[in-house]
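Engineer: Given the sequences, and given the hints that come with them, work out the whole structure.
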Amino acid sequence: MDKIPILKMGSFLLVTIQVDLYDRLALNLEADLIRMVDKTGAKGVLIDISAVNIVDSFMGRILGNIASMSRILDAQTVVVGMQPAVAITLVELGLPLNGVRTALNVEKGMALLQSMIPPGSGDEEITEDDHISV
Amino acid sequence: MAVVKEQDVVPFRNRVREYAVKIKMGLVNQTKLITAASELVRNMLRYANGGKIRIEIVTKGRDNGIRLTFADTGPGISNIDLAMKDGYSTGKSLGLGLPGAKRLVNEFNIQTETGKGTTVTIIKWSNG
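Going down the list, the sequences are from chains A and B.
Using this note's numbering, the final residue of the first sequence is 134, and nothing's skipped along the way.
Using this note's numbering, the final residue of the second sequence is 128, and nothing's skipped along the way.
Hints in this document: simulated from the structure, not taken from any laboratory.
Treat the hints with care, since some could be wrong.
Said to hold, decoys possible - Restraint ranges, calculated between C-beta atoms of paired labels, are given here: (1) B:E56 / A:S50: 31 to 37 Å; (2) B:N109 / A:V91: 41 to 47 Å; (3) A:Q18 / B:N106: 27 to 33 Å.
Claimed, not checked - Computed footprint of chain A on chain B; a stretch qualifies when at least three of its residues, placed anywhere within it, have a C-beta under 8 Å from a C-beta of chain A: (4) 7-21; (5) 27-37; (6) 93-99.
Ideal Cβ placement from N, Cα and C applies to all residues, glycine included.
Structural biologist: In structure tokens form, the structure reads like this:
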């Protein structure tokens with residue numbers, strides 16, 4: 001069974017989607033990610049989709065779901081690195097991803113997350129990247 | 001090419017991309033075509049347990065294009081006007097699949113008969 005790794009970095013979770021997603025894989029990611037937010041008390045989730053060639057209505061819905069669910073668990077979500085052709089296609093498809101925050105790349109996404117989270121909340125050790133399997 | 005389970009979707013999308021690259025379709029049109037194809041193949045899997053897809057290169061004047069034909073023998077669509085409306089879905093989805101796919105391609109044709117199945121044909125022109 002394929003799985004998309006979720007990395008913990010300080011009080012953020014980092015997901016880089018490197019493979020073409022089919023529906024089941026996207027659903028698993030949604031479930032794993034929400035479980036991880038709950039388990040680690042993460043304050044932010046960064047999803048890098050720069051390697052994703054297509055986002056259709058299902059995948060778009062999953063991204064929206066992840067953002068809403070994380071918000072309920074007190075974590076902010078930022079989607080970064082969307083390819084221009086994907087952005088054009090999403091809007092024409094009729095799915096402008098309302099409610100999902102985006103940034104151009106990982107660096108800007110991280111900065112956005114940091115600015116959204118009030119200082120002093122969560123643990124501030126951003127010293128090591130530990131990989132936690134769910 | 002037959003698509004009967006979810007894992008078939010990724011190879012199918014790659015196949016469509018190969019054809020699109022072969023006729024030198026631009027990246028944006030490629031992405032639109034593959035996204036539309038992805039929506040239609042999901043419908044086929046969800047409502048008709050899969051079906052068959054034909055991928056062809058078509059020519060009109062000096063323009064090349066890709067024609068995809070999705071044929072299933074599922075339950076058919078009882079109200080086609082409603083199914084083509086944004087936000088309508090009998091399943092638990094956003095209801096963007098059919099109308100969204102139509103917006104992303106140049107030609108869209110759907111034929112359906114209740115109890116017999118549905119055939120959707122789309123064409124995306126390389127410069128369309």
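Engineer: All hints are to be evaluated individually against the structure, with a verdict given for each.
Structural biologist: Structure-based check of each hint:
Range check, E56 (chain B) to S50 (chain A): about 32 Å between beta-carbon atoms, so the 31 to 37 Å window is met. Between N109 (chain B) and V91 (chain A), the C-beta spacing of about 24 Å breaks the proposed range 41 to 47 Å. For Q18 (chain A) paired with N106 (chain B), a C-beta distance near 32 Å keeps the hint of 27 to 33 Å intact. Only residues whose C-beta sits within less than 8 Å of a C-beta in chain A count toward coverage, and the stretch 7-21 of chain B has 6 of them, enough to reach three; the restraint holds.
With a cut-off of 8 Å between beta carbons, the stretch 27-37 of chain B has 7 residues touching chain A; three or more are needed, and the interface restraint holds. With 5 residues having a beta carbon nearer than 8 Å to a beta carbon of chain A, the stretch 93-99 of chain B meets the requirement of three or more and the stated coverage holds.
In the structure shown, a violation is registered for the earlier hint numbered 2 alone.
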